[in-house]
Structures are given as C-alpha cells and as structure tokens.
Amino acid sequence: MDNRNPPQNSLVSVHNLTFSRGQKKIFDDISLEFERGKITAIMGPSGTGKTTLLKIIGGQLFPEKGTVTVNGRNVHHLKRDELYTLRKRMGMLFQSGALLTGMNVYDNVAFPLREHTQLPESMIRTLVLIKLEAVGLRGARDLMPNELSGGMARRVALARAIALDPMMIMYDEPFTGQDPISMGALVLLIKSLNTTLGLTSIIVSHDVQETSAIADYIYVLSEGKVVGQGTPQEIQQSSSEWVQQFMNGAADGPVHFHYPAKEYMDDLLFTEKTLFPRKRLIGGKSTTKRSRY
Amino acid sequence: MIKFFNYLGATTRASFTKLGRATYFLIGILAGIGSVIVRPRLLLKQLHSVGVLSFLIITISGLFVGMVLGLQGFYILSRFDAEETLGVMVAASLVRELGPVVSALLFAGRAGSALTAEIGLMKATEQLSGMEMMAVDPIKRIISPRFLAGFLSMPLLAALFSAVGIIGGQIVGSGLLGVDVGAYWSQMQATMDFREDIINGVIKSIVFGFITSWIALFEGYDAVPTAEGVSRATTRTVVNSAFSILGLDFILTALMFGDN
Ligand SMILES: Nc1ncnc2c1ncn2[C@@H]1O[C@H](COP(=O)(O)OP(=O)(O)OP(=O)(O)O)[C@@H](O)[C@H]1O
Ligand SMILES: [Mg+2]
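Protein chains in written order, with numbering that gives the first Met the number 0: chain G, 0 to 292; chain F, 0 to 259.
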C-alpha cells in the first residue's frame with residue numbers, strides 16, 4: 000500500500016526525510032505530500048514525532064537527510080529573510096498554545112497584524128474581533144492568558160494563527176481539551192476555513208472520529224515510518240494491522256502503548272534491590288547525587 | 000586522575016562552546032538594536048521595568064552606603080585633623096568605585112535575575128518558538144529592547160547611587176558629626192576631576208551594564224526549558240554577573256588609575 004500514487008499538486012512535500020533525536024531515529028526515510036486546498040491529517044501514537052514533523056516543515060528543526068518543500072521552495076535552503084517571508088504565510092497552532100503571557104487575548108491576536116502590517120488600529124480591531132468571533136471568544140478579549148482554560152487558550156492561538164490569512168495552517172492537536180460543543184464548532188471552523196478560503200490544512204490529531212470527518216487524506220505514522228495512508232474510507236478499511244489497531248484504539252497489537260523499556264518484571268525487581276539493598280547499608284553512605292545549587 | 004582530566008577537558012570544551020553561543024547571540028542582539036530605535040515604545044516599556052523599578056533599591060542602598068562612608072571617613076580623617084576633606088573622600092569612593100560596582104551588583108540581583116527568569120519562561124512555554132513561527136524574530140522583538148534598556152539604565156542608576164550617597168555622607172558628616180557643610184562641598188568640587196573621576200566612573204558603569212544585560216539575557220535564552228533549568232539559569236546570572244563585575248572592575252581600575 001505504500002506505493003500508492005501520492006496526491007498531485009501538493010503545497011508541502013516531504014521527501015525521504017530522516018531525523019533523529021540522540022540515538023533515537025524519529026523519522027526513517029519517510030515521504031509525505033500535502034495537497035493544496037485540502038485537509039491532510041497526520042495520526043499516530045503519542046511520541047512518534049508528529050510535533051517534530053510540523054517543526055521540521057516550519058523550518059525550526061533541520062532534517063538529517065531528505066528535503067521539505069513548501070510552495071515549491073526548499074525550506075531548509077532558504078535564507079533567513081526568505082524563510083520569514085514564507086512563514087508569514089504559514090500559520091501554526093502550537094500544541095501548548097504558545098500565547099504571549101505578557102499581553103491579553105486581544106493583543107495576542109493583534110500581535111502578528113501589528114508586527115507585519117501597517118494597518119490602522121481601527122482596522123486591526125475589526126480583524127481581531129472577526130477572528131475572535133470565529134473561535135467564539137470575542138467576549139474573552141480582555142482576559143490574560145493565565146486566566147484562560149487550556150481549551151480556550153488553544154482557540155485564541157487558533158484565532159492568532161489565522162490573523163494574517165495564511166495560505167496554510169498546521170494544527171497541532173486542535174481538539175484536545177475541547178468540550179463536545181466547542182469541538183464541534185472547531186471542526187466546522189477548520190472545515191470552513193478550508194472550503195471558503197481555500198486554506199491548505201495539516202492536522203495532527205489523535206481524535207480518530209473528528210479527524211476522519213473532515214480530513215481529505217490521512218497519514219498514519221508509527222516508529223518512524225508511514226504505516227498507512229489514504230482517504231478516511233480507505234484507512235477505515237485498511238487491511239494493515241497497525242492502522243486497524245490505531246483506528247479502533249486497541250491497546251494490544253503491533254503498535255506498543257509503552258515507550259521502549261526493559262522487561263517490566265526485571266525493572267520492578269531491580270528497583271527493589273537498589274532501593275532496599277540490605278540492612279547494613281541503611282545509614283551508610285548515601286549515593287544520591289546532590290544538586291549542584 | 001584520568002577521570003579528572005576528562006572532566007576538566009569536557010568542562011573546558013563546554014565553556015568554550017557556550018562562550019561561542021553567547022558571542023553569536025550578542026551579535027544578534029546588536030544587529031537588532033536598529034529595529035528597536037525605530038520602535039521606541041518597546042524600549043520605553045523595558046526602560047520602565049528594567050530601570051525605573053530599580054530606582055527604589057538603588058536609592059536606599061546609595062543612601063546607606065553614603066552614610067556609612069561618612070561615618071567611617073570621619074573617624075579616620077579626624078585623626079589627622081582632615082575632616083574637611085570628608086566630602087572628597089565620600090565622593091571619590093562613590094564615583095570611582097562604589098557607585099558603579101555596588102549599583103551593578105544590585106542591578107544584577109534586581110533586574111538581571113528577573114530578565115533571565117522572564118526569557119527562560121518564555122522559552123519553556125514555547126513563546127519564543129511561537130514567535131519565530133509567526134515570522135517575528137524573538138531576538139529583535141524581545142531581547143534587543145531589554146538589552147538596550149539595561150545598557151542605558153545602568154549609568155543612570157550608578158549616577159543616582161553616587162548622588163544619593165554623597166548626600167547621605169553629608170547628612171552624617173555635617174548633620175551628625177559637625178563637619179562644615181561649605182567645606183564638605185567646596186573641597187569636593189575643588190578636588191574631583193571631571194575626566195579622571197566622573198568619566199571613568201561612567202565608563203565603568205557602561206561596561207557593567209553591557210555585561211550584566213548580556214549575561215542575564217543569554218542565560219535566559221540558553222536555559223534548559225524547564226522549571227529547574229530556569230531556576231538554575233537565574234542563579235547563574237547572579238553569580239556570573241557578580242564575578243564579571245568584580246573582575247572587570249579590577250582590570251578597569253588598573254587601566255584607568257594605574258599610572259598616577
Ligand atoms: N527537545 C527534545 N530533545 C530530545 N528528544 C525530544 C525532544 N523533543 C521531542 N523529543 C522526542 O522526540 C519524539 C517525538 O516527539 P514529538 O513531540 O514530536 O511527539 P508527538 O508525536 O508530537 O507526540 P504527542 O502526540 O504526545 O504530542 C519523542 O520520543 C520525544 O521523546
Ligand atoms: Mg505533539
């Protein structure tokens with residue numbers, strides 16, 4: 000199934016990407032295509048490197064091998080100014096929201112407009128209110144980021160990400176922490192941004208239901224490889240065990256819930272031995288390393 | 000033994016790479032100064048939080064240091080019947096040494112640590128990388144204004160410290176111990192040299208402001224993005240600033256006042 004033709008006319012393409020963190024290979028020679036004007040989802044177990052992939056596409060991390068092109072330009076070969084020009088047209092919704100804590104909701108959404116445009120304050124006000132209305136938080140404009148709930152913060156971050164009307168948005172887990180109502184509203188919002196503005200969207204998500212409902216194409220990643228790809232229907236009917244396990248949320252199967260570790264029993268026994276070695280050692284020399292400060 | 004040398008080698012290498020990163024960072028800051036000048040509001044805000052909020056601690060400390068100098072100076076000078084020169088002694092110690100050095104140490108503790116914690120937390124909460132993704136250079140937008148504010152405030156704070164200290168010396172010397180007020184001031188005016196004393200003091204405080212702001216901002220920017228990492232970085236700011244200030248003070252003093 001991996002020799003399926005990739006979608007044509009892609010805005011973002013990742014070719015033969017390899018990336019490691021220390022010893023751990025996060026991506027091992029993967030290729031993905033993100034088609035213009037479509038919603039492409041990236042799914043996969045926690046810790047597979049979905050956030051890492053978005054940061055590589057955004058030019059914040061550099062691949063060991065392979066190329067990433069956005070709108071026909073190789074992100075990692077761009078000069079700093081060119082990269083910044085490109086980023087103005089790429090919105091990104093961080094998993095943590097990444098709101099500026101020193102300013103209120105209104106100023107956070109106005110931030111990219113004030114930094115990158117010469118618009119008069121009255122125009123900025125109109126734009127900010129439109130974006131905040133879209134995420135249902137027009138009434139929260141005077142709150143500071145620390146006064147928001149996690150889900151609200153993420154919606155403010157979304158309003159900020161669309162403030163400059165970018166050509167694409169990368170959403171890192173937009174649905175986590177949303178109640179069913181705002182979840183539904185968000186799904187609609189993402190879909191309508193996509194259909195009305197022709198925005199290309201990349202969604203990283205664990206929410207199989209919501210994502211399947213709006214995505215045009217889905218990639219399932221696991222252990223550095225693309226283990227499945229296709230339209231939501233194709234993915235649902237995939238014969239791959241990996242994909243089936245992920246879509247149905249089974250704890251057991253080829254994908255492991257656990258971070259690689261030694262045998263559970265060995266680990267427990269080992270701890271016991273080191274924590275309670277023998278009586279004569281109690282009161283002896285402590286081996287705990289003290290902090291330097 | 001081999002372990003020790005290994006450790007030494009690794010530490011030296013780590014220090015040099017850190018120095019390299021810090022230098023690179025400084026070049027970035029300096030390149031961003033231009034864009035701060037175009038947007039003075041960013042600078043004004045930082046001048047307030049870095050400079051103005053340090054006024055109180057600087058004023059109070061300056062007053063007490065001056066008063067102590069007045070007391071100590073009087074006891075020694077009166078032994079030689081030279082208490083009229085108390086003003087000279089107080090002013091010279093403050094303007095040449097204590098003003099720049101003590102106010103820089105206080106500045107590192109008051110403003111430097113706050114800068115490190117702020118930048119470190121912004122990094123830990125992904126605000127800096129978020130800004131980068133919005134095509135806003137965090138060095139230009141966040142770091143450079145703070146650097147410039149620290150750099151500009153330091154000489155002013157040092158001058159404030161010395162001025163208040165001289166008044167403190169007068170309060171104790173003339174008010175309490177009976178030194179003639181006229182003598183206190185006229186001796187001071189006659190003996191203090193503008194170039195020799197004042198300019199050199201100002202140069203010192205400019206150097207200290209530069210180094211302290213640089214250290215504070217770099218430690219924050221380079222911090223391990225966790226609560227523990229930020230707390231360590233804050234400690235390092237205070238410790239490294241203190242060492243740098245005292246070490247540089249020795250070197251500068253030797254250079255400035257060495258040949259006469
Ligand atoms: N700064 C870092 N230094 C070292 N390793 C890291 C760093 N950031 C992430 N990793 C590792 O990279 C791997 C991928 O992390 P990433 O954040 O991309 O996962 P993810 O797929 O987004 O997970 P989640 O769904 O939980 O957000 C993880 O195994 C993590 O341990
Ligand atoms: Mg993630």
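Careful: at least some of the hints might be erroneous.
Simulated pairs of lysine-lysine, BS3-like, Cα-Cα distance not exceeding 30 Å [what the hints assert, rightly or not]:
(1) G:K190 to G:K64
(2) G:K224 to G:K190
(3) G:K64 to G:K224
(4) G:K24 to F:K139
(5) F:K44 to G:K87
(6) G:K64 to G:K87
(7) G:K37 to G:K78
(8) G:K37 to G:K87
(9) G:K23 to F:K17
(10) F:K2 to F:K17
(11) G:K78 to G:K64
(12) G:K23 to F:K44
(13) G:K54 to F:K139
(14) F:K44 to F:K139
(15) G:K78 to F:K17
(16) F:K2 to G:K64
(17) G:K54 to G:K64
(18) G:K54 to G:K37
(19) G:K224 to G:K261
(20) G:K87 to F:K139
(21) F:K17 to G:K54
(22) F:K139 to G:K78
(23) G:K87 to G:K54
Calculated from the structure, these hints are not laboratory results.
Hint by hint, here is what the structure shows:
1. Restraint check for K190 (chain G) and K64 (chain G): the C-alpha separation of about 33 Å exceeds 30 Å, so the hint is violated.
2. Proposed proximity of K224 (chain G) and K190 (chain G) is supported: the alpha carbons are some 28 Å apart, at most 30 Å.
3. Distance hint between K64 (chain G) and K224 (chain G) is fulfilled; the C-alpha atoms sit about 15 Å from each other, no more than 30 Å.
4. Restraint check for K24 (chain G) and K139 (chain F): the C-alpha separation of about 34 Å exceeds 30 Å, so the hint is violated.
5. Taken as a hint, the K44 (chain F) and K87 (chain G) pair is honoured in the structure, with Cα atoms around 26 Å apart against an allowance of 30 Å.
6. Our distance criterion of 30 Å between C-alpha atoms is met by K64 (chain G) and K87 (chain G), whose separation comes to about 26 Å.
7. Taking the CA atoms of K37 (chain G) and K78 (chain G), the gap is about 28 Å. The hint holds against a cut of 30 Å.
8. Our distance criterion of 30 Å between C-alpha atoms is met by K37 (chain G) and K87 (chain G), whose separation comes to about 20 Å.
9. Under the criterion of a C-alpha separation no larger than 30 Å, the hint pairing K23 (chain G) with K17 (chain F) is consistent with the structure, at around 25 Å.
10. A distance of roughly 22 Å separates the Cα atoms of K2 (chain F) and K17 (chain F); the hinted pair therefore holds under the 30 Å criterion.
11. With a CA separation close to 19 Å, the supplied pair K78 (chain G) and K64 (chain G) stays within the 30 Å bound.
12. Taking the CA atoms of K23 (chain G) and K44 (chain F), the gap is near 44 Å; set against the 30 Å cutoff, the hint is violated.
13. The straight-line distance between the Cα atoms of K54 (chain G) and K139 (chain F) is roughly 21 Å, inside the 30 Å bound, and the hint therefore holds.
14. A hinted pair counts as satisfied when its Cα atoms are at most 30 Å apart, and K44 (chain F) with K139 (chain F) qualifies at roughly 15 Å.
15. Proposed proximity of K78 (chain G) and K17 (chain F) is supported: the alpha carbons are some 25 Å apart, at most 30 Å.
16. The straight-line distance between the Cα atoms of K2 (chain F) and K64 (chain G) is roughly 36 Å, outside the 30 Å bound, and the hint therefore fails.
17. Proximity of K54 (chain G) to K64 (chain G) is assessed by CA-CA distance (about 15 Å); at most 30 Å being required, the pair is judged to hold.
18. Proposed proximity of K54 (chain G) and K37 (chain G) is supported: the alpha carbons are some 20 Å apart, at most 30 Å.
19. Between K224 (chain G) and K261 (chain G) the CA atoms are separated by roughly 23 Å; this keeps the pair inside 30 Å, and the hint holds.
20. Simply put, K87 (chain G) and K139 (chain F) have alpha-carbon atoms about 16 Å apart, close enough for the 30 Å limit, and the pair holds.
21. Note on K17 (chain F) and K54 (chain G): the hinted pairing holds, with a Cα-Cα distance of about 25 Å set against a maximum of 30 Å.
22. The hinted pair formed by K139 (chain F) and K78 (chain G) meets the criterion: a straight-line CA distance of about 17 Å does not exceed 30 Å.
23. For the suggested pair K87 (chain G) and K54 (chain G), the alpha carbons sit about 15 Å apart, so the restraint of at most 30 Å is met.
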